[in-house]
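In the order they appear, the protein sequences are chains A and B.
If you count by this note's numbering, then the first sequence holds residues 26 to 534, one letter each, in order.
If you count by this note's numbering, then the second sequence holds residues 11 to 151, one letter each, in order.
Hints were generated in silico from the structure; no laboratory data involved.
All C-beta atoms, glycine included, are put in the ideal place defined by N, C-alpha and C.
Be a bit skeptical, because a hint or two may be false.
What the hints assert, rightly or not - Pulled from the structure, derived: some chain A residues nowhere near chain B, Cβ distances all over 10 Å:
id, residue
1, 37
2, 40
3, 60
4, 94
5, 95
6, 98
7, 204
8, 322
Stated by the list, open to error - Computed spacing ranges between beta-carbons, pair by pair:
id, chain 1, residue 1, chain 2, residue 2, range
9, B, 24, A, 190, 40 to 50 Å
10, B, 121, A, 142, 31 to 41 Å
11, B, 111, A, 93, 21 to 31 Å
12, B, 144, A, 481, 51 to 61 Å
13, A, 93, B, 67, 45 to 55 Å
14, B, 40, A, 405, 28 to 38 Å
15, B, 67, A, 140, 50 to 60 Å
16, A, 208, B, 33, 31 to 41 Å
17, B, 113, A, 222, 55 to 65 Å
Unchecked claim - Selected chain B positions facing chain A (Cβ under 8 Å, derived; list incomplete):
id, residue
18, 80
19, 104
20, 105
21, 118
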Amino acid sequence: MISFASEYALEHAPALIIVVPLLLAVVAALCPARMGYMLALVASAISALLACLQMQVMAGLPTDYRVSYHLGGWTPPWGIEFAVDSTAALVVLVIAVMGFIATISSKQLFLREVDGSNYNRVYGAWLLAFAGLLGLVMTADAFNLFVFFEISSLASVTLVAMGSGVDKRALVAAFNYLLIGAIGAIFYVIGAGFCYAMTGTLNMLDLGVRLPQVASQVPVYIGFGFMVTGVMVKAAVFPMHFWLAPSYGYAPMAVTVLLASVATKAALYVLIRIFMTIFGGIDVLPQLILQWALIPLALMAMLLGTILAIYERDVKVMLAQSSVAQIGYIVLGFGVGTLAGLQAGFIHIVNHAMIKGGMFIGLGGLVLAMAGQTRPSPTRIDRLAGLGWRMPITASAFLICGLSLIGVPLTAGFISKFYLVSAVISAGYWQIAALVLLSSALSVIYLWRLVEVMWFAPPEKNKGARLPESPLIYLPLWALALANLWFGIDAGLVVDLSYRAAAALMGAG
Amino acid sequence: MKHNPILRVTSKILFAPIMLYGFYVQFHGDFGPGGGFQAGVIIAAALILYGLIFGLYSLKQVAPPPVVHALMGVGVLIFGGVGVVGLVLGGEFLNYSVLLADAAKGQHWGILLVEFGVGTTVASTILGLFMAFAGFVKEAP
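So that you can see chain A by itself, here it is in the shape it has in the complex (with noise of 0.2 Å):
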């Protein structure tokens, strides 16, 4: 009985890991307020196991294997079909599992920041952007990623607004957000239909078969431009990075937590899929736009968001800055555009997940607990005077999560930032090594400061009493630091699937 559901479980794994909390989404929605947080929690589990269950009947089978799912029984091409292989089975874990996480956290976070009679909706619009951001890699349909683009990004622009009803600066936050990720998604969209218009197809696959065909005629190319340029809008690549920061600065503690870990990894999961998959046929220009403009987009990235976030004095958006460097990290492995390349940025996509993850639920525990005592903007740095002793649980491992954002041997960010730095020299960039060095090393400067500031305050700011910690903050929080420990000793796991998604993507462009 068992075998036989599991069986069936995995059969329809791809479209059950979306249908799910989508369909949950709006029960939720209908559901009484309290009903919210228990529907979402369900919802994120069984999508987090199905994932699981995927993952592992994926590494077991070789990597140029690749799991069809026709909805609706029609057969790809016509049909839209969620395709699963290597590279979307470890996103798809990624997010899931990341996304579950911040599920358990999130009903100690909203507790201070969301009317609480509002919760059914806002698990509903949570499950949502969780069901999107699965969609936006399982699909393997041009437009069909479109429509899931649309899901996620309404879906999430409503959770940043509820940062509202603690500072109003999240509704100018949370409209930007909406106007530029329409603007992303209809660049998307456009280039979509340039390549629906030459080849009369939108299935992947397909698209990667036929464009080639056609690869001497310029309208491929504009399409090709536009479909980058909106996914890389969605994935906040420098310089269409401004709307990040601040979305994620005002949005609630709970909801910078899902976004940061997940949102933009999605994007960026496209955005090579683009490269290699969709145009990986066409010779020349795709590489060497991965090349000459990616790379150094990447570095500028880094190099700014590293800045930025040094000169600022809000933890939460001093947080979102870093978040642009990392993405630089994930987008200069992609753009050497070898095997070791991309397999160092999916590493890197991994272990940002659980790093950013991680230090928002500490951060928003560390703030919690302070909130009564602390208005207006909590998330100022010298708000979190002394936290170091009054709450050690809590901010021993946000601390953790903070070595492995730098990358101190032993955590799961030196892991992440080896394979990459021996990714960019093997393919002869040694200059970009020393930038990528440096940059890590810039970031001590900023994350320093939280412990000079955490551990090292003036005595008097550290007599105050122990604050409670919640279980529902630790208990995650420390699973996350306790896997970036794990993996930063042992990364036998993550490197063996992040290269299983690197070969996979490589066998099929």
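Following the hints, position chain B against chain A.
What follows is chain B alone, placed relative to chain A:
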């Protein structure tokens, strides 16, 4: 505008045909042009016309906001529910062929139900948007 007899009478005459046309587009969608999106907009347009002429208060008595808000979700659930029934009966998600013993009949019923779900959601969402925006201004009694 409810004191203007021309508007009042015209809208009363037009209301029923617009509704009927909406339902025609809804249920004829799988044979000819039409379907849930268009039908939803037409049905919502009939109600919005009513609201424009007789005021938001009367509209809210015809279509109470809680019902409208619930219907937005119910439509999605109808759509998704048809998909899930397909899953349970052994097909893929949204595979209508397995809904009934006869695959062609299953396809027919599947698309009809799905379009009904779309129509419900579209009509109630547009109505909800109208009521939300119209509600910004306090109405003279």
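Hints versus structure:
At the 10 Å boundary, the C-beta of residue 37 (chain A) falls inside the reach of chain B, the nearest C-beta of that chain being 6 Å off. Non-interface status of residue 40 (chain A) relative to chain B is broken: a Cβ of that chain comes within 10 Å, the nearest being about 4 Å off. Listed as a non-interface residue, residue 60 (chain A) keeps its Cβ farther than 10 Å from every Cβ of chain B; the least gap is roughly 13 Å. Consistency note on residue 94 (chain A): stated as away from chain B, yet its beta-carbon is not over 10 Å from all of that chain's, at 7 Å minimum.
Against the 10 Å criterion, residue 95 (chain A) falls within the reach of chain B, whose nearest CB is about 6 Å from its own CB. Against the 10 Å criterion, residue 98 (chain A) falls within the reach of chain B, whose nearest CB is about 4 Å from its own CB. With a minimum CB-CB distance of about 18 Å to chain B, residue 204 (chain A) clears the 10 Å threshold, and the non-interface call stands. Its beta-carbon lying about 38 Å from the closest one in chain B, residue 322 (chain A) satisfies the requirement of being farther than 10 Å from that chain.
Distance hint check for residue 24 (chain B) and residue 190 (chain A): the Cβ-Cβ separation is about 43 Å, which falls inside the suggested range of 40 to 50 Å. A beta carbon spacing of about 38 Å between residue 121 (chain B) and residue 142 (chain A) agrees with the range 31 to 41 Å that was offered as a hint. About 27 Å separates the C-beta atoms of residue 111 (chain B) and residue 93 (chain A), a value consistent with the hinted range of 21 to 31 Å. In this structure, residue 144 (chain B) and residue 481 (chain A) meet the distance hint of 51 to 61 Å, their C-beta atoms being roughly 58 Å apart.
Separation of residue 93 (chain A) from residue 67 (chain B) is about 54 Å and conforms to the stated range, judged on CB atoms against 45 to 55 Å. In this structure, residue 40 (chain B) and residue 405 (chain A) break the distance hint of 28 to 38 Å, their C-beta atoms being roughly 59 Å apart. The supplied range of 50 to 60 Å is broken by residue 67 (chain B) and residue 140 (chain A), whose beta-carbon atoms lie about 27 Å from each other. Judged by the Cβ atoms, the range 31 to 41 Å given for residue 208 (chain A) and residue 33 (chain B) holds: they are separated by roughly 38 Å.
Checked against the given bound of 55 to 65 Å, the beta carbons of residue 113 (chain B) and residue 222 (chain A), roughly 34 Å apart, lie outside it. Taken as an interface hint, residue 80 (chain B) checks out: its beta carbon lies about 6 Å from the nearest beta carbon of chain A, inside 8 Å. With its C-beta approaching chain A no nearer than about 4 Å, residue 104 (chain B) sits inside the 8 Å limit, and its interface hint holds. Checking residue 105 (chain B) against chain A by beta carbon gives a least distance of about 4 Å; that is within 8 Å, so the hint holds.
For residue 118 (chain B), the shortest C-beta to C-beta distance to chain A is roughly 14 Å, which exceeds 8 Å, and the interface hint is violated.
When the structure is compared with the earlier hints, violations turn up for hints 1, 2, 4, 5, 6, 14, 15, 17, 21 and for no others.
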